[in-house]
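2 protein chains.
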Amino acid sequence: MAPHKYVIGIDFGTESGRIVVVRVRDGEEMGAAVVPYPDGVLDENLPGGGKLEPDSALQNPRDYYLVLEKGVPRALKEAGIKADEVIAVGSDFTSCTVFATARDGTPLCLIPEYRREPLAWPILWKHHAAQPEADRITEIGRERHEEFIRIYGDKYSSEWFFAKILQVLNDNPELYEAADRFIEGTDWIVWQLTGAEKRNNSTAGYKAMWVKGVGFPSRDFFRAVHPRLENVIQEKVGTDFYPLGTRAGGLTAHWAGAMGLREGIPVSMGVADGHVAIPATTVTKPGSLSMVMGTSLVQMLMGSERRIVKGICGVVEDGIVPGFWGYEAGQYAGGDMFAWFFDHVVPASLKNQARKLNLPFATLLEKRAGSLRPGESGLVALDWWNGNRSVLVDADLTGLLLGATLATPPEAIFRALIEAAAFGTRQIIEAFEAQGLHTKDVVACGGLPARNKLLMQIFADVMGREIRVAKHPQTCSALGAAIHAAAAAGRQAGGYESIPEAAEHMAHLQSETYRPRPENRKVYNRLFKEFQTLHDYFGRAGNDVMKRLKALKREILAA
Amino acid sequence: MAPHKYVIGIDFGTESGRIVVVRVRDGEEMGAAVVPYPDGVLDENLPGGGKLEPDSALQNPRDYYLVLEKGVPRALKEAGIKADEVIAVGSDFTSCTVFATARDGTPLCLIPEYRREPLAWPILWKHHAAQPEADRITEIGRERHEEFIRIYGDKYSSEWFFAKILQVLNDNPELYEAADRFIEGTDWIVWQLTGAEKRNNSTAGYKAMWVKGVGFPSRDFFRAVHPRLENVIQEKVGTDFYPLGTRAGGLTAHWAGAMGLREGIPVSMGVADGHVAIPATTVTKPGSLSMVMGTSLVQMLMGSERRIVKGICGVVEDGIVPGFWGYEAGQYAGGDMFAWFFDHVVPASLKNQARKLNLPFATLLEKRAGSLRPGESGLVALDWWNGNRSVLVDADLTGLLLGATLATPPEAIFRALIEAAAFGTRQIIEAFEAQGLHTKDVVACGGLPARNKLLMQIFADVMGREIRVAKHPQTCSALGAAIHAAAAAGRQAGGYESIPEAAEHMAHLQSETYRPRPENRKVYNRLFKEFQTLHDYFGRAGNDVMKRLKALKREILAA
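Line order of the protein sequences matches chains A and B.
Residues in the first sequence are numbered consecutively from 0, following numbering that gives the first Met the number 0.
Residues in the second sequence are numbered consecutively from 0, following numbering that gives the first Met the number 0.
In case anyone wonders, no lab produced these hints; they're calculated from the structure.
Heads up, a few of these hints could be off.
[What the hints assert, rightly or not] Cross-link-like lysine to aspartate or glutamate pairs, in silico, EDC-like; alpha carbons within 16 angstroms at most:
| # | chain 1 | residue 1 | chain 2 | residue 2 |
| --- | --- | --- | --- | --- |
| 1 | B | Lys549 | A | Glu375 |
| 2 | A | Lys552 | B | Glu518 |
| 3 | B | Lys552 | A | Glu375 |
| 4 | A | Lys528 | B | Asp543 |
| 5 | B | Lys350 | A | Asp342 |
| 6 | B | Lys546 | A | Glu375 |
| 7 | B | Lys211 | B | Glu142 |
| 8 | A | Lys350 | B | Asp342 |
| 9 | A | Lys546 | B | Glu375 |
| 10 | A | Lys521 | B | Glu554 |
| 11 | A | Lys549 | B | Glu375 |
| 12 | B | Lys546 | B | Asp395 |
| 13 | A | Lys552 | B | Glu529 |
Note that the structure is a prediction, hence the values are computed from the model and not measured.
Just chain A, with the same shape it has in the complex (with noise of 0.2 angstroms):
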């Protein structure tokens, strides 16, 4: 019998990196490793002083070698396997993180003279200081009508590529002009690995303005943007771009010494974390709904074509699996909307009657909210703490909770809140459908499902569809990432020929499913008529009183 394959995924997170050793014949996972960021987001200070203006968030790139150094190892020792098994390397990284870089892929930050300015370090995706960057950018591709602003559902986000680099032009035009390159953070460390930079297709179409067929926007938008970033593609980008899941290059000697691997073993192409979670949740294929539940919701779907879909966040051609087109959609609020609830609203009496029962208060939480019947606390929420991303694609619209009374307990407003989220997913669902994009199965992944069975009923009964949950719902982007490895390694090396094909093999499902309640479904969708009401009626111009609340606060804010 031939010896087990392994192979590494490493997954760059917001606050840490994860890396998982797995066994390419089945996915099973053989030893994993932690590394918290020592500096962690940089959203104050950078490292050695140098105050940040507000809504920033950056991050020191030393923090990723020491997950490539210290986790590695630390990884491969518990899993007892040995370099010559190892037959391929996979890395996600979080999107829209932008590296300006020397010609060599170093971080200018790292360069003496730049360490002092603050965009010289990497561009965390929720870095939102390039808010009127992205406005400017959106205002330039509705005027000229291009075409990425349809597929962006009608506007640039503050998170992406080119609000990023031109923000970097504009507060620093000689930093500007001393990057050579802009690139994402997920093919920067792919550069880093193999000391060669080869670009992927998906964060290029996601993100940056890139299709397929296509290429980017013409010299003629960009300097109508900026006069200065008319040639920022030939010179700082680069238009070659690469299909995930592929071989993006080899080892080097130096990483491979570091890491203790052998050098040369296949390194595969970058990719998204969203992104790269989905073949680990076993969907390869249209026609099933990717949920990625955490801090925010992410619902990915893949489909035979490309149809326009009015608010959601993109639609890419090989964005996902290569051979489909990969639609993204979210909600900003998922886990951040409950974490502000029990730091800001679950009252201590709940707290001391847990700690009584000896129980987490999260735990009495759930149970106490499970214990009511849908429509029975008479309350309906709106899922906007942090904005609307889909469909309604608007960062000023606010958090709603109507229905409340002298007797509504703080479970109650729990409830409240995942059926709100719920909510939201529906009516993406069904923005979805509207476009002939059928979802047939749900699978989902990440914190919530692997914490709140109650979330997951209650999504299953607003859904009116079955959810199944992937194994090892919090781990899915470590494992896509080793999935992703696997493909680049090729059936030769003893990996598969393809991302479907390594899935199949690689990712599992729980056997416990969330099935939808009849009775259940039934008040759902009376309350999901409500939800839909008061969506349009604040979302879509009905009454803009969030907008101009919000507009008050910054104004009284400024004064």
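Put chain B on the given structure of chain A with help from the hints.
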């Protein structure tokens, strides 16, 4: 120098009775006592057993006797006052609290054969089980264009006199027959003290459809409501009503002995606890708005003529001070809504911080809410946690909170609830203004002005008016009862000729006042517009979602 004269005021509240011994010359409080009702509010079981239906709220009349027997001697002792220095006794009572009695005034519940019948016990103001009866009365009143329906803002409340009597008739026709009299609590206690049934014209006007110079609706009306109700007035109520601040009779030998007072001293006419407080805030003439700010909010304004103001609770000639029209409006949720917030929302973290700072958590919350500027929270709320009393008159409306984000702290929600209560009051003032009823001054009493300076400042800012506060804001009803007593005594006995004259000497204000701040006022004018838009959208049939959710809740609970 003549010896001082004193009067006693007895305030029968919801949970306890409060007695004050007051110097007639200047209103100085010489002694006081509070006697909690041992049986409190009966809302689940009768004393001695017997389950109550939902929404019931009854009381035990022996608790009222206890207030007289224990409380008055204790207050006299504290004051160091002898019986012959007390020239009169006044009292006020919650309203509309309805007693079914025998011909001699004995509550039916004290007669053994009726003690197991719930409605043989005093039916407390907040007993809400007579809603179907109230709906029936409203329907017939509207059909017949009855005068009282106009006066009561187009709706008869489930809390009021005939709704409760009709419930007795519907639920227990034999008990209805057994009741020789139906009487307001405030008139019943006066009957006990004097031995004679004499009813006041104020609660008759506000709760029992009686109109000065007109009387009650016709027999036809009552027959249309229920055939057996046709002769209710003639048989069980009576048609004679007497003005506030006059002598109802002399104290009986029995009660003089039990309380340690002189037989025969004047007992003033019955009066509701809200109305009696007004003279104690120094308000006895048109143009001043009195706000009683406790668990709920009541606004009272006097006018020199009758205007129809849509959505107020009522307008009654001589209803507060003889000679003027008393307009009453209100908000169902005041302190109750903040109590809900304290119990169900304030998080453990804030309570822990308060503990570390050695502060009551409400103080820390108020401090933090006070450090927010108007508009800074981005929140707006509708204060309908207990329905809307004025000007929408709709108990099925519910609370709304709009504008929450992941950064919304609990103090911002607290402030938004205070602002919502203030906007609700402003809405009422504007309804008065629209009918030419102008508010020149505002005076507040009740538990909230005693406790929460931030709230008072926000009310001043939102209303754009200076607010003065009664000297002892929490005991205005008891002082008011003493003022009524002094007026009932008359000048010859050492009292005064009228309520205004008594109030002029006996009622005082705090020197500190709350003045609107122009910069806050400007922002609140903008926020009030948002409040009004939401108020009308949810309250005036723009979107009846609140009513539908309440109906759904009832449906679910009944299933």
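Against the structure, the hints come out as follows:
1. B:Lys549 / A:Glu375: holds (9 angstroms)
2. A:Lys552 / B:Glu518: holds (15 angstroms)
3. B:Lys552 / A:Glu375: Given pair B:Lys552, A:Glu375 holds - Cα atoms ~5 angstroms apart, limit 16 angstroms.
4. A:Lys528 / B:Asp543: holds (12 angstroms)
5. B:Lys350 / A:Asp342: Measuring from Cα to Cα gives roughly 12 angstroms; hence the hint holds.
6. B:Lys546 / A:Glu375: holds (13 angstroms)
7. B:Lys211 / B:Glu142: Violated, because 23 angstroms separates the two Cα atoms, which is more than 16 angstroms.
8. A:Lys350 / B:Asp342: Given that 16 angstroms is the threshold and the Cα spacing comes to 12 angstroms, the pair holds.
9. A:Lys546 / B:Glu375: The given pair, whose Cα atoms are some 13 angstroms apart, holds under the 16 angstroms limit.
10. A:Lys521 / B:Glu554: Status holds; Cα separation ~13 angstroms.
11. A:Lys549 / B:Glu375: holds (9 angstroms)
12. B:Lys546 / B:Asp395: holds (6 angstroms)
13. A:Lys552 / B:Glu529: Distance of about 14 angstroms is within 16 angstroms: holds.
This entry does not satisfy hint 7, going by the numbered hints stated previously; all others are met.
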